[in-house]
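Chain residues, written in single-letter form:
Protein chains: 2
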Amino acid sequence: MYWYGEWVPRRVDHDERRTGIARALWRVAEAKGLDRVSLREVAAEAGMSLGRLQHYFGTREDMMVFAVEFMNKRNVERVAERMLAMGGQDPLTRLRAIVMEMLPVDARAQAGSLINVSFLLEAARSEPLGEYARKRALALRGLLEGQIALAMRAGRLDPRLDPEAEAALLVGLADGLRAGFHLGALTAERTVELMEIHLARLNTPV
Amino acid sequence: MYWYGEWVPRRVDHDERRTGIARALWRVAEAKGLDRVSLREVAAEAGMSLGRLQHYFGTREDMMVFAVEFMNKRNVERVAERMLAMGGQDPLTRLRAIVMEMLPVDARAQAGSLINVSFLLEAARSEPLGEYARKRALALRGLLEGQIALAMRAGRLDPRLDPEAEAALLVGLADGLRAGFHLGALTAERTVELMEIHLARLNTPV
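Chains as they are written, first to last, in UniProt numbering: chain G, 1 to 206; chain H, 1 to 206.
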């Protein structure tokens, strides 16, 4: 099985190369927005020729889908780590933590404004990216829905809530507040405060 | 004052031309998104030469700012007309109508998806457009804040609400739900339903 022993490191190298290209894409996108990223520029940023990059990604769209999935995987890992670290916490605290992860308002998030806004535009134009964005939105709603149901059962949220609707409202509000923050119409503090007001309203009156 | 008599019709002609160009810009933007609109294409759509268009708008940004202000003025007029038509209505009904104007989910709104998303990107890249978008967001919040305060005084909304925060929450939620609708993650019916759930929560329990 010598060919197999050969194949494994090559495969790893292939994946590493693609990850390196995805990282280069995000560096270019942070400065210019995803919509202005070209294969040529990403190749230059990754320190390879255009021909070599096209060996890993045939089209700009292939590269974009991989880079978005790569970034999303990292975000999911961050949320998962945060949830693990909160193992002993009650469901409402966990829900709050997930919601605040959806509202990144630090300097790093400010730098990512162009990426966030331009991603929506790419998703509107590319069927695979749009499909991916819809799936991601559904997965996020599903995650929140479960946490809301748990918090209701634990008597930490109003038991008359509709978990599915509340999850969709949380995603919508987080998206809109984030847009206001990126536009400069809301400060970081105000963005978080507004979400706290919304969350407080879902609590069971003690 | 012959020069003055001369000047008036010319001025009118100038404004009409600029309005015609703005309309041509929106037709191009509906198909391609604002970010891909060029002076050359708008000139072609408006049936004039590039040089003639540049007589009215020196730069792409000038044209963009005028077109956005023109569209916004039409939207404000639509809301004002709707509010006039509801002269006798109570403040909560008026508030609800304004909020629903912020959530256009018909076929026409679906066609405007690219414009909506690409406008945010243009606003992130152009200082005058960003400033304009921030001012518009503040004006909208101010309008809602007043209606919320009136509805609270009329005993139609919970008197313990903070009108400023509730106005910002309504704008944020409308922006986020609209983004979900444009992305195809929310149906038109669900988008409106979710806003109704939010509004119902602000009502004074009877």
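Source of the hints: derived by calculation from the structure; they are not laboratory data.
Hints are supplied without guarantee of correctness; some may be wrong.
The list treats identical chains as one, so a pair stands whether inside a single copy or across any two.
[What the hints assert, rightly or not] In silico SDA-like pairs for lysine to any residue, Cα to Cα no more than 20 Å straight-line:
1. Lys135 - Gly87
2. Lys73 - Ala149
3. Lys135 - Thr187
4. Lys135 - Arg190
5. Lys135 - Val76
6. Lys32 - Glu61
7. Lys32 - Ala200
8. Lys135 - Leu199
9. Lys73 - Gly58
10. Lys32 - Glu127
11. Lys135 - Met71
12. Lys32 - Ala124
13. Lys32 - Arg17
14. Lys73 - Ala154
15. Lys135 - Leu183
16. Lys32 - Asp13
17. Lys32 - Arg125
18. Lys32 - Ala137
19. Lys135 - Asp15
20. Lys135 - Gly184
21. Lys135 - Ala188
22. Lys32 - Pro91
23. Lys73 - Pro163
24. Lys32 - Ile197
25. Lys32 - Ser126
26. Lys135 - Arg17
27. Lys32 - Arg153
28. Lys73 - Glu101
29. Lys32 - Arg201
Item to check | Unmet hints by their number, sorted upward, for this structure | outcome: 1, 2, 7, 8, 9, 13, 14, 16, 18, 19, 22, 23, 24, 26, 27 and 29
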